[in-house]
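**Student:** Take a look at the letters that make up each chain.
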Amino acid sequence: MAVSERISGSHTVGRFKSTGVRQREIKRFFTALLYLLPSLILFSTFTFIPLIRTIGLSTYLTNPLGIAVKFVGLAQYEKLFSTPVFVNSMQRSLLFVAYTVPTSIIVSLGLALLGNLRLKGISFFRMVFSVTIAVSAATASLIFKYLYHPALGSLNYLLSFLNIDPVPWLTNENTALMAVSLGTVWLQIGLNTVILLAAMQGISEELYESAMIDGANYWHKFRSITIPMLSSTFFFLIVVDMLAAFQAFTQIHVLTSGGPLDSTNVLVFSIYREFYFNGAYGFAAAQAVMLFLIMLALTVFQFGVLEKKVFYD
Amino acid sequence: MDYKLKRILTSTVFYIVLMVVAVIVLFPIWTAINISFLDDSQVAQYPPQLFPTHFSLANYARALEQAPLLRYLFNSVAQSTLVMLGQLVTACLAAYAFAFIDFKWRNVLFLIFLATLMIPWEATIIPNYLLIKKLKWDNTFQGLAIPFMATGFGTFLLRQFFLKIPKELHDAAVMDGCSSFRFLLTIVLPLARPALGTLAVYSFLQTYNQYLWPLLITNDQTMRTVQIGIALLQDEERFMFNTVMAGVVFVLLPTFILFIFSNRQLIRGLTAGAVKG
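Chain order of the listed sequences is C and P. Note that my numbering has the first sequence beginning at 1, numbered continuously upward. Note that my numbering has the second sequence beginning at 1, numbered continuously upward.
There's no promise every hint is true.
[What the hints assert, rightly or not] Calculated Cβ distances over 12 Å to all of chain P for the following chain C residues: (1) S18; (2) E25; (3) Y99; (4) S141; (5) A211; (6) G215; (7) W219; (8) L243.
[Stated by the list, open to error] When the alpha-carbon atoms are kept at most 16 Å apart in a straight line, the in silico EDC-like pairs for lysine to aspartate or glutamate are as follows: (9) C:K221 - C:E209; (10) C:K221 - C:E205; (11) C:K221 - C:E206; (12) P:K104 - C:E25; (13) P:K167 - P:D220; (14) C:K27 - P:D102.
No lab work stands behind these hints, which were simulated from the structure alone. For glycine and all other residues, C-beta sits at the position ideal for the given N, C-alpha and C.
Please model the complete structure; the sequences and the hints are all you need to start from.
**Tutor:** The structure is reproduced here in C-alpha cells:
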C-alpha cells in the first residue's frame with residue numbers, strides 16, 4: 001500500500017490529484033487487472049477457495065460423497081490428538097524428515113565438492129551427479145522396489161560381500177521407513193547437488209586466492225570460506241527439503257502403501273487414505289489443515305531468518 | 001618435476017574417487033537398464049545378474065504389448081504440454097503487469113501471488129478433488145491440466161527477467177501509440193526467450209512427473225498418465241521385474257532426453273529459487 005502510494009504520489013501536485021491523473025490511474029489499474037485476471041481466477045478456484053473449504057470441511061462430518069452434513073466444531077481436531085492415526089503419521093513424517101533431510105544435504109555437499117574440482121571432463125561428472133533431477137518419484141520407487149526384493153533384489157546380495165546379513169528392507173516395520181528414506185535421498189541428491197554447485201560457483205575466486213596467499217590448505221579454505229559462504233544455501237535447502245519430505249506421497253504409495261503396521265503411514269498418505277478410501281473427508285481435512293500450518297510455519301521461519309540476514313548484510 | 005608428479009598423482013586419485021561415486025549414483029539407473037534386458041529365467045535366479053548377457057528388446061515389446069504404455073505416454077505429454085502452455089501464458093501476462101505497469105495495490109497483489117507458493121497442493125486436494133468430480137472433469141485433460149495452469153513461481157521468475165528490460169523502452173513505445181499488449185508480444189517476449197525456455201522445461205518436467213493428482217482423478221485405462229500406469233504394472237502378478245523395468249526405462253527416456261538437451265534451462269529453473277532475487 002505504502003509503496004504504491006509513493007509511486008503514484010509522483011504524479012500528484014500537492015494534496016489533490018487532478019481528475020485526469022486520477023482517471024489515468026484508474027485506467028492503469030484496470031489494464032493491470034486484465035493481465036492478472038487469468039492467474040487470479042485460477043488461483044482463486046484451485047488454491048485460495050479450496051484452502052478455505054478445507055478449513056470449513058474440517059469442522060464438519062460428511063457423508064461418503066464428501067458433502068458436509070453436520071457441524072462438529074473442533075471435534076475433528078480433538079480426534080486428531082486423541083486417536084493414534086494422526087499422532088502416528090505425524091511421528092512418521094518427522095522421522096522421515098530426520099532420516100532424509102540431513103543425509104541428502106550431506107551427501108550432496110560431497111557430490112558438489114567433487115563436481116567443483118577443476119579437472120578435465122568434470123562437466124560429465126556434474127551431469128551424472130545431478131541425473132536424478134530427471135528421475136520421477138514413481139520410477140525411482142519401482143527401481144528400489146526391485147533392489148529391496150527379499151529373494152531377487154541385488155542390494156542384499158551386494159551387501160553380503162561386506163558380510164552384512166540380509167536386511168528385511170520393506171517387509172519389517174523397523175526398517176521400512178528407512179528403506180523408503182534411502183530411495184528418497186537418492187532421488188533428492190540431484191536437485192541438492194545442482195543448487196549447491198550453483199552456489200559454490202558463485203563464491204568469489206578472490207576469497208580463495210587471498211586465502212592461498214595466507215597459506216591456507218584445502219581444509220582451511222573449506223571450513224572458513226566454502227561453508228560460511230554457503231550458509232544461506234544450506235538454510236534454503238533445509239527448508240525446501242523439509243517441505244518436500246512433509247509432502248512425500250509417491251514413494252509410500254509405490255513401495256509400502258503405508259505398511260507394514262502403519263510404519264510408513266506419513267501425513268500425506270494418511271490424508272489420502274482417510275478421504276479416498278475411508279470417506280472421512282472431515283478428518284482428512286483436519287489433517288490437511290495441520291499440513292498447511294506446518295508448511296506455513298516453515299516458510300514464515302524461512303522468510304523471517306532470510307530477512308534478518310539481508311538486514312545484517 | 002616433483003611438483004608435476006604430485007599433481008598427476010592427486011588428479012588420478014580424484015578421477016578414481018569421481019568414478020566410484022559416479023558408479024554408486026548411477027547404480028539404480030543401471031539396474032533398471034540391466035534388468036530390462038534379462039530374460040525370465042535370468043531375472044528369477046540367485047545370485048542376481050549384475051550385467052546383461054545379451055541385448056534384447058523382448059521385454060520392451062512385451063511391456064508395450066500388454067499395457068497401453070504409448071497411450072499413457074500420450075496422456076502425460078498432452079497434460080504436460082497443456083500445463084506448460086497455460087503457465088507460459090498466465091505467467092507472461094501477470095509478470096508483464098508487475099514489471100511494467102504502475103498500479104494501485106501492485107505490491108499487495110504481488111504478495112498474493114507469492115502466497116500461493118506457501119500453500120501446499122496436498123492441503124487443498126480434497127476440495128479440488130470434489131470440485132473436479134462435480135464438474136465431471138475426472139478422466140479428462142482439462143481436469144488433469146487446468147488446476148495447474150497458473151504459477152506463482154513462474155510469474156516471479158519472468159518478472160525478475162522482465163525487470164531487466166529498460167522501462168524507458170516501454171514508455172517510449174507506448175508514447176508512440178504502441179498498445180501495451182503489442183509491446184508485450186513484439187518486444188518483451190522475444191527478449192525474454194531464455195526465461196521462457198527455463199519456465200517451459202521446468203513446468204513440463206514437474207507435470208510429467210506428477211503422481212498424486214492423476215492417481216485421484218483418473219481411473220479410466222485410456223486416461224491414465226504414464227507414472228500411474230507404470231506403477232500399476234507392478235501390482236499385476238503376470239508382470240515380472242524385467243517387464244516392469246523395461247517400462248521404467250521407457251518412461252524415463254523422455255525426461256532423460258530433456259535433461260541432456262535442455263540441461264542449462266532446467267538447471268536455471270531449479271536454481272532460480274535458491275538465488276537471491
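**Student:** Hint by hint, which ones does the structure fall short of?
**Tutor:** Result: hints 2, 4, 8 and 13 break, sorted rising.
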